[in-house]
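Asks: First to last, the protein sequences are chains A and B. Quick note on this note's numbering: the first sequence kicks off at 1 and runs consecutively. Quick note on this note's numbering: the second sequence kicks off at 215 and runs consecutively.
Among the hints, a few may not be true.
Okay, derived cross-link-like pairs now, SDA-like style, lysine to any residue, Cα gap no bigger than 20 angstroms in a straight line [claimed, not checked]:
1) Lys255(B) <-> Ile360(B)
2) Lys56(A) <-> Lys284(B)
3) Lys56(A) <-> Arg347(B)
4) Lys56(A) <-> Glu303(B)
5) Lys270(B) <-> Lys179(A)
6) Lys401(B) <-> Arg347(B)
7) Lys270(B) <-> Thr161(A)
8) Lys270(B) <-> Pro83(A)
9) Lys398(B) <-> Ile360(B)
10) Lys270(B) <-> Asp130(A)
11) Lys284(B) <-> Asp336(B)
12) Lys427(B) <-> Thr375(B)
13) Lys270(B) <-> Arg133(A)
14) Lys179(A) <-> Ala207(A)
15) Lys56(A) <-> His351(B)
16) Lys255(B) <-> Lys284(B)
17) Lys185(A) <-> Arg153(A)
18) Lys70(A) <-> Ala100(A)
19) Lys270(B) <-> His137(A)
20) Lys41(A) <-> His9(A)
21) Lys56(A) <-> Pro222(B)
22) Lys213(A) <-> Thr161(A)
23) Lys270(B) <-> Pro8(A)
24) Lys270(B) <-> His9(A)
25) Lys56(A) <-> Arg299(B)
26) Lys56(A) <-> Ala225(B)
27) Lys56(A) <-> Asp344(B)
28) Lys270(B) <-> Val91(A)
29) Lys56(A) <-> His221(B)
30) Lys270(B) <-> Arg153(A)
31) Lys284(B) <-> Arg367(B)
32) Lys56(A) <-> Lys401(B)
33) Lys255(B) <-> Arg367(B)
34) Lys255(B) <-> Thr375(B)
35) Lys56(A) <-> Pro297(B)
36) Lys270(B) <-> Ala207(A)
37) Lys270(B) <-> Asp164(A)
38) Lys270(B) <-> Arg85(A)
39) Lys56(A) <-> Val305(B)
40) Lys56(A) <-> Asp298(B)
No lab work stands behind these hints, which were simulated from the structure alone.
Protein chains: 2
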Amino acid sequence: MPYTYEHPHPAVTVDVAVFTVSDGRLAVVLIRRAEWPHAGKWAIPGGFVGIDESLKRAAWRELREETGIKAGVLEQLGAFGRPDRDPRERVITVVYISLAAADRLRLEAGSDASDARLFYIDDLPELAFDHSRILEHAIERLRDRIDTEAVARQLMPARFTLTDLQRACEAVSGDTIDKRNFRKKLKTLDLVEPTGGETQSGAHRPAKLYRVKS
Amino acid sequence: MPYTYEHPHPAVTVDVAVFTVSDGRLAVVLIRRAEWPHAGKWAIPGGFVGIDESLKRAAWRELREETGIKAGVLEQLGAFGRPDRDPRERVITVVYISLAAADRLRLEAGSDASDARLFYIDDLPELAFDHSRILEHAIERLRDRIDTEAVARQLMPARFTLTDLQRACEAVSGDTIDKRNFRKKLKTLDLVEPTGGETQSGAHRPAKLYRVKS
Numbered sequence: 001m002p003y004t005y006e007h008p009h010p011a012v013t014v015d016v017a018v019f020t021v022s023d024g025r026l027a028v029v030l031i032r033r034a035e036w037p038h039a040g041k042w043a044i045p046g047g048f049v050g051i052d053e054s055l056k057r058a059a060w061r062e063l064r065e066e067t068g069i070k071a072g073v074l075e076q077l078g079a080f081g082r083p084d085r086d087p088r089e090r091v092i093t094v095v096y097i098s099l100a101a102a103d104r105l106r107l108e109a110g111s112d113a114s115d116a117r118l119f120y121i122d123d124l125p126e127l128a129f130d131h132s133r134i135l136e137h138a139i140e141r142l143r144d145r146i147d148t149e150a151v152a153r154q155l156m157p158a159r160f161t162l163t164d165l166q167r168a169c170e171a172v173s174g175d176t177i178d179k180r181n182f183r184k185k186l187k188t189l190d191l192v193e194p195t196g197g198e199t200q201s202g203a204h205r206p207a208k209l210y211r212v213k214s
Numbered sequence: 215m216p217y218t219y220e221h222p223h224p225a226v227t228v229d230v231a232v233f234t235v236s237d238g239r240l241a242v243v244l245i246r247r248a249e250w251p252h253a254g255k256w257a258i259p260g261g262f263v264g265i266d267e268s269l270k271r272a273a274w275r276e277l278r279e280e281t282g283i284k285a286g287v288l289e290q291l292g293a294f295g296r297p298d299r300d301p302r303e304r305v306i307t308v309v310y311i312s313l314a315a316a317d318r319l320r321l322e323a324g325s326d327a328s329d330a331r332l333f334y335i336d337d338l339p340e341l342a343f344d345h346s347r348i349l350e351h352a353i354e355r356l357r358d359r360i361d362t363e364a365v366a367r368q369l370m371p372a373r374f375t376l377t378d379l380q381r382a383c384e385a386v387s388g389d390t391i392d393k394r395n396f397r398k399k400l401k402t403l404d405l406v407e408p409t410g411g412e413t414q415s416g417a418h419r420p421a422k423l424y425r426v427k428s
């Protein structure tokens, strides 16, 4: 059968789950949808892929337009394409995961989003489309793949205490971590260094501040 | 901006990389393309997703049509969508990985495929589209994820020697494995059992045959 362009084509979107750690808890950036369908509901930021645009480029652009975030590394989670997942038409979405330090997130809603906010993953609102299911997969992938180095390099502010770093690792993994083992592991990894004399202000017992080695 | 259906849509395909171990070497099923573009070249089997068809269902159907294989578990590798990857139009492809025991593969070319064959992954022909790059990613994912249990359950024939199983694990991982450690690990996994008295025929020194515990 010769090739024809006539068979019906689906629409293709990209969605980006941006994770961060805020107040020692794992959180994700969501936008409030301004348009039908699911207007008013919260959703993972994303939108349609331009016909000449790469998937990753579209993910970066949509995230920027809807939340103001300029993503760092974008890792693809996969494609989600149940035929009935969108009431508009057949929409297949390709989902990306990104990590960001909470102190570098300046959320600014735009495009089809009326609001953009951080939500703790253990306290999520009702989500549009199949985004709850997608987010479950994204969290599973994140927990499967992320290690101490990725947490330190991508999720921490410029200066942090070792307790902050441990809390972030615990938030991402969902498990508690033994402090002594964690400190030993950090030494082996040779990942962080003291900033030099600075201590966290306002703490009951001041703790040294560290930064990631470059 | 209200939603319109008017923006140009890409085509979406699925492709399935079916891996097996044949003669102790890792191999993949390829089809020979019968149609333009890349007619006559070898490719990963696949084709267009029906407008009401799930991605996984399309992958299963296309694999069956082009190679005769009824896939078992299909694991999604991800979406590949460089704008220039197909000369026909913008085509985004969602790629799946599947495993099959070589003795259960009965290849029968059909649909857009003029031939279907096994190729060793270290002796591949020139491939159509970006399928060389896709196959590299698929092999990397396979090596990343597969373990002894998956090799035993999905890649081995009904009866095999422990040496066969070790060879298959080596072929999949790309590394040599120490025989004593491997035998110890097998005991710990409690994964295989002797079939009972049977031995491999024709061997210089007969070896016991095993099967996977159910």
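Asks: Keeping to a limit of 20 angstroms between CA atoms, is the pair of Lys56(A) and Pro222(B) held or broken?
Replies: holds, 18 angstroms
Asks: Within 20 angstroms, alpha carbon to alpha carbon, are Lys270(B) and Asp130(A)?
Replies: Roughly 17 angstroms between the alpha carbons, so the hint for Lys270(B) and Asp130(A) holds.
Asks: For Lys270(B) and Arg153(A), compute the direct alpha-carbon distance and say whether it is at most 20 angstroms.
Replies: violated, 36 angstroms
Asks: Would the pair Lys56(A) and Val305(B) pass a check requiring their Cα atoms to be no farther apart than 20 angstroms?
Replies: Between Lys56(A) and Val305(B) the Cα gap is close to 15 angstroms, so the pair holds against 20 angstroms.
Asks: Between the alpha carbons of Lys270(B) and His137(A), is the straight-line distance 20 angstroms or under?
Replies: holds, 16 angstroms
Asks: Mind checking the alpha carbons of Lys56(A) and Lys401(B) for me, to see if they're no more than 20 angstroms apart?
Replies: Roughly 45 angstroms between the alpha carbons, so the hint for Lys56(A) and Lys401(B) is violated.
Asks: Is it true that the CA of Lys56(A) sits at most 20 angstroms from the CA of Arg347(B)?
Replies: Given pair Lys56(A), Arg347(B) holds - Cα atoms ~17 angstroms apart, limit 20 angstroms.
Asks: Verify the proposed pairing of Lys255(B) with Ile360(B), using a straight-line Cα cut of 20 angstroms.
Replies: violated, 29 angstroms
Asks: Has the given pair, Lys213(A) with Thr161(A), been kept, meaning a C-alpha gap of at most 20 angstroms?
Replies: holds, 14 angstroms
Asks: Is Lys284(B) close enough to Asp336(B), meaning Cα to Cα at most 20 angstroms?
Replies: Judged against 20 angstroms, a Cα distance of about 25 angstroms means the pair is violated.
Asks: Hey, Lys255(B) versus Arg367(B), does the alpha-carbon distance stay inside 20 angstroms?
Replies: Judged against 20 angstroms, a Cα distance of about 32 angstroms means the pair is violated.
Asks: Would you check the hint for Lys179(A) and Ala207(A), treating anything up to 20 angstroms between C-alpha atoms as holding?
Replies: holds, 15 angstroms
Of the numbered hints stated above, those contradicted by the structure are hints 1, 2, 5, 6, 7, 11, 16, 20, 30, 32, 33, 34, 36 and 37, listed in ascending order.
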